[in-house]
Amino acid sequence: MKINKVFCSMIAMLIVFSLVLTACGTAAPNGPDTTAPDVVDETTEETVGDPSSTPITLTMWYHGAGNEVERNILLGIINDYNSSQDKYVVVVQDFPQISYNESVVAAALAGNLPDIIDVDGPVMPNWAWAGYLSPLQLSDGALDDFLPTTIGMWGGEVYSVGLWEAACALYARKSVLDAYGIRIPTLEQPWDLEEFDAALETLTASGEFDYALDLGMAWTGEWYPYGFSPFLQSFGGDIIDRSTFTTAEGVLNGPEAIAFGEWWQSLFVRGLAPGTTQDPADRDTGFIEGRYALMWNGNWAGASALEPFGDDLLILPAPDFGNGSRIGAGSWQFGISAASQHKEGATEFIEFMMQDQYLVAFSDGINNIPSTLTAAATSKNFSSGAPFEIFFDYSAAQATLRPPTPAYLTAALIFEKALADIANGADVVNTLDNATDDINADIAANGGYGFDGSVVGPSITEDAIATGR
Amino acid sequence: MTLKTKTIMHDRTRSTKWPIDQSKEAMIAWLMSIPAIVLILVFLIVPFILAFYFSLTNQRLISPNPTEFTGLQNYRQLLKLRVLRLDSLIDETGQPILDEAGNVTFPLEREIIRNPDYPQYAGFQNWKSWDIGNSRYSLLAGDVVFMKSLINTLYFALVIVPGQAGLGLLLALLINQRTKGVNIFRTIYFMPVVVSIVIVSILFRFIYSGDNGLLNSVLVFISAGRFTPIDWMASTTTAMPAIMAMSAWQAVGIHMVIWLAGLQNIPHVLYEAADIDGANAIQKFRFVTWPGLHNTAVFILVTITIAALGLFTQIHVMTRGGPLDSTSTVIFQAVRRGFDMQNIAYGSTISLVFFILVLSVAMIQRYLTREKKA
Chain A
216 MKINKVFCSM IAMLIVFSLV LTACGTAAPN GPDTTAPDVV DETTEETVGD PSSTPITLTM
276 WYHGAGNEVE RNILLGIIND YNSSQDKYVV VVQDFPQISY NESVVAAALA GNLPDIIDVD
336 GPVMPNWAWA GYLSPLQLSD GALDDFLPTT IGMWGGEVYS VGLWEAACAL YARKSVLDAY
396 GIRIPTLEQP WDLEEFDAAL ETLTASGEFD YALDLGMAWT GEWYPYGFSP FLQSFGGDII
456 DRSTFTTAEG VLNGPEAIAF GEWWQSLFVR GLAPGTTQDP ADRDTGFIEG RYALMWNGNW
516 AGASALEPFG DDLLILPAPD FGNGSRIGAG SWQFGISAAS QHKEGATEFI EFMMQDQYLV
576 AFSDGINNIP STLTAAATSK NFSSGAPFEI FFDYSAAQAT LRPPTPAYLT AALIFEKALA
636 DIANGADVVN TLDNATDDIN ADIAANGGYG FDGSVVGPSI TEDAIATGR
Chain B
24 MTLKTKTIMH DRTRSTKWPI DQSKEAMIAW LMSIPAIVLI LVFLIVPFIL AFYFSLTNQR
84 LISPNPTEFT GLQNYRQLLK LRVLRLDSLI DETGQPILDE AGNVTFPLER EIIRNPDYPQ
144 YAGFQNWKSW DIGNSRYSLL AGDVVFMKSL INTLYFALVI VPGQAGLGLL LALLINQRTK
204 GVNIFRTIYF MPVVVSIVIV SILFRFIYSG DNGLLNSVLV FISAGRFTPI DWMASTTTAM
264 PAIMAMSAWQ AVGIHMVIWL AGLQNIPHVL YEAADIDGAN AIQKFRFVTW PGLHNTAVFI
324 LVTITIAALG LFTQIHVMTR GGPLDSTSTV IFQAVRRGFD MQNIAYGSTI SLVFFILVLS
384 VAMIQRYLTR EKKA
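Order-wise, the sequence lines are chains A and B.
The working numbering numbers the first residue of the first sequence as 216 and each following residue consecutively.
The working numbering numbers the first residue of the second sequence as 24 and each following residue consecutively.
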């Protein structure tokens, strides 16, 4: 009897204990919004009242762990900022890019987000919608000179701003194209589907190359939607119908998308491009070593390609498959977490980073396109007459955002799998139908992600690039 | 011996007022098990109950929307199956229309599945089709990737459990000898176990590489150039066997050691008796070694099965389920759905189905390997 009593009370105690623990755990997702503000006001008031007190620490997370150059530039900016005033001290923590998003999601669940977060452009709407980013209250005119695609907008408000933009192009060699009598395309007159396809066939038939076109299939993850969804959009399809953001039906499995899918599969069937098992090392060196004739890659790859080829290097525009030449837009940007207790300081720091000199520093260091014209004019690689100036033009003329909706986060994973499956020989129509169903099921399960099905903007075939406006 | 112990026990119990003492002892026992009980509750029982609850809702990892109760919707989506029969297209005379290659033609399946006039097929995906006569039978599933993952997981377990257990026993028999240098072999066989499976997976990705992988190079060399290099991870037929071989190589050492422990527990006198009876090596194994290993065998069978059904790390590192879902597994899908796609409810549903799968397999094994009492 006695033992039973002790046993029962112990079990009861344990159950209560574990319930308390789980209650804490499940409360966390809503935690940042509900618990933080009380603390915020107290701390800020205290500091405002007493400027001589120790500086407030602003924590910042960055996705660039492992990149020494990038890190040094960032640390330089942080040092400049920390020594320019004594109210705040910014401390940065680096994450490897591959696990960065997971870390932020986990931290958001646990209520441990830092003050300043960097966020990949297409992911931003999801984080803003989920409530762990807070709108940026920048001073008037701060964004005036910035390229539109470097400003992260959601629900009519600015949530993030990028210090650089990225652009993709076809890397080629003039000597190679001349040798096989292939026309060199221009921004005004890019290759169309037939011309591009014929060029690939010619280059493959020459036998001089392992493959005619390196798409970068080795780069799993965000590269697939970033690098390849512009092809789909150029065919006239899309990942999600961006006129309503509530369905993928008809855009990811419509006739244009099926035409894209058939062409995509044929690239690998005909042996024009290396498939999903491409070695990442070949992706890095194949074009430079002359094993691939063309390379579809971003501006960041420019420096290493310019070195061996010099004037022979061509940076060609994306082909126009019928709905305008298109390239991806929206790179990494900076925003403030909703849980931040020092939003003013975080905003101040982001504005500090937005100075042209730092835009130039990042551009010169990691070869990205500066976000403003004035910064581009003084940068090493993107000023007038500089080797990569053309990227600035491509970005201005062809940049197409990946669908700016919270649904993109899941849709991107589904799209990546569909493209890999089609490349590996899956039935095109079935694969696109299934991907469409998966995306629609996710949108439905999330109550439309804040969209009600009404038209909110132009579709991919009505937007500025397609209509030439 | 036994008698002596009994006396001592008896003396001890008689000299103390044992009713009080026993309750005190029980109390101490409970106190000491508190850490374990708390850990099991917090990390096993409570998450299990939560997973069960989540699987009946539309819980997201992160969402501003409130969680809604959806009943068995997730289970239906995950497990539903249906067969669709399509009759061939016919011309005016009632003869099937043939395509250029002379094959019977069928209407497009998507015109049925995606047709609002056939709501019973909404949300189904094609898993497999068979043409029988002038009809095409299609097996449709709500979640084809999960179904393929389930088959892959069972396939992996079916090969790995007997394969790895058998190989472990073979190695244990080989090193269960008192010859010089046997310790070197024990070390070599055991070495892969101490290497992290993540590192092994990354290394094997290089070894299996199609262009210049070690395996292809070796095969080309020993076949004097007659072997055409295969991209092992790129083909739906070779990817899973390649992962099986790697997994067995990495994990066989630990089972070898467990078998070895079992072997060394068999009293030597039994072998001597068998020798006197004139038993040969096979007979000794069949009638002395194997019966002596019964408990070890049951233990190894159950642990390998559970580990094999939980296949995840190799997939996550090497193939991410590809090519064409040929290496996708149940746990990989649970993580992909639950965490990557932030659909906790669906991930929980997969986990629960996995739990039932493991439980039933383990119980069947337990029943089949029970000690038969005379």
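These are calculated hints, taken from the structure and not from any lab test.
Backbone N, C-alpha and C fix where the C-beta goes; we use that ideal spot for every residue, glycine too.
Certain hints may be false.
Covered, in the sense of this in silico footprint (three residues per stretch, anywhere, with C-beta under 8 Å from a C-beta of chain A), are these stretches of chain B [said to hold, decoys possible]:
id : region
1  : 157-165
2  : 230-236
3  : 246-257
4  : 324-338
Some, not all, of what chain B presents toward chain A, calculated at C-beta under 10 Å [stated by the list, open to error]:
id : residue
5  : M364
6  : Q365
7  : A368
- prompt: If you look at each residue in the region 230-236 of chain B, do at least three have a Cβ nearer than 8 Å to any Cβ of chain A?
  reply: With 3 residues closer than 8 Å to chain A, the region 230-236 of chain B meets the three-residue bar; holds.
field: Verdict on chain A covering the region 157-165 of chain B, where coverage means 3 or more residues with a C-beta closer than 8 Å
entry: violated (count 0)
query: Checking C-beta pairs, does the region 246-257 of chain B have three or more residues closer than 8 Å to chain A?
result: It holds: at least three residues are needed, and the region 246-257 of chain B offers 3 whose Cβ sits within less than 8 Å of chain A.
Hint validity - A368 of chain B Cβ closer than 10 Å to any chain A Cβ: Holds - the Cβ of A368 of chain B comes within 10 Å of chain A, reaching about 8 Å at its closest.
Per-stretch coverage check for the region 324-338 of chain B, three Cβ contacts closer than 8 Å to chain A: violated (count 0)
task: Using 10 Å as the Cβ threshold, decide whether Q365 of chain B counts as touching chain A.
output: holds (7 Å)
- prompt: Given M364 of chain B as an interface hint, is the shortest Cβ-Cβ distance to chain A below 10 Å?
  reply: holds (5 Å)
Hint violations for this structure: numbers 1, 4, all remaining hints satisfied.
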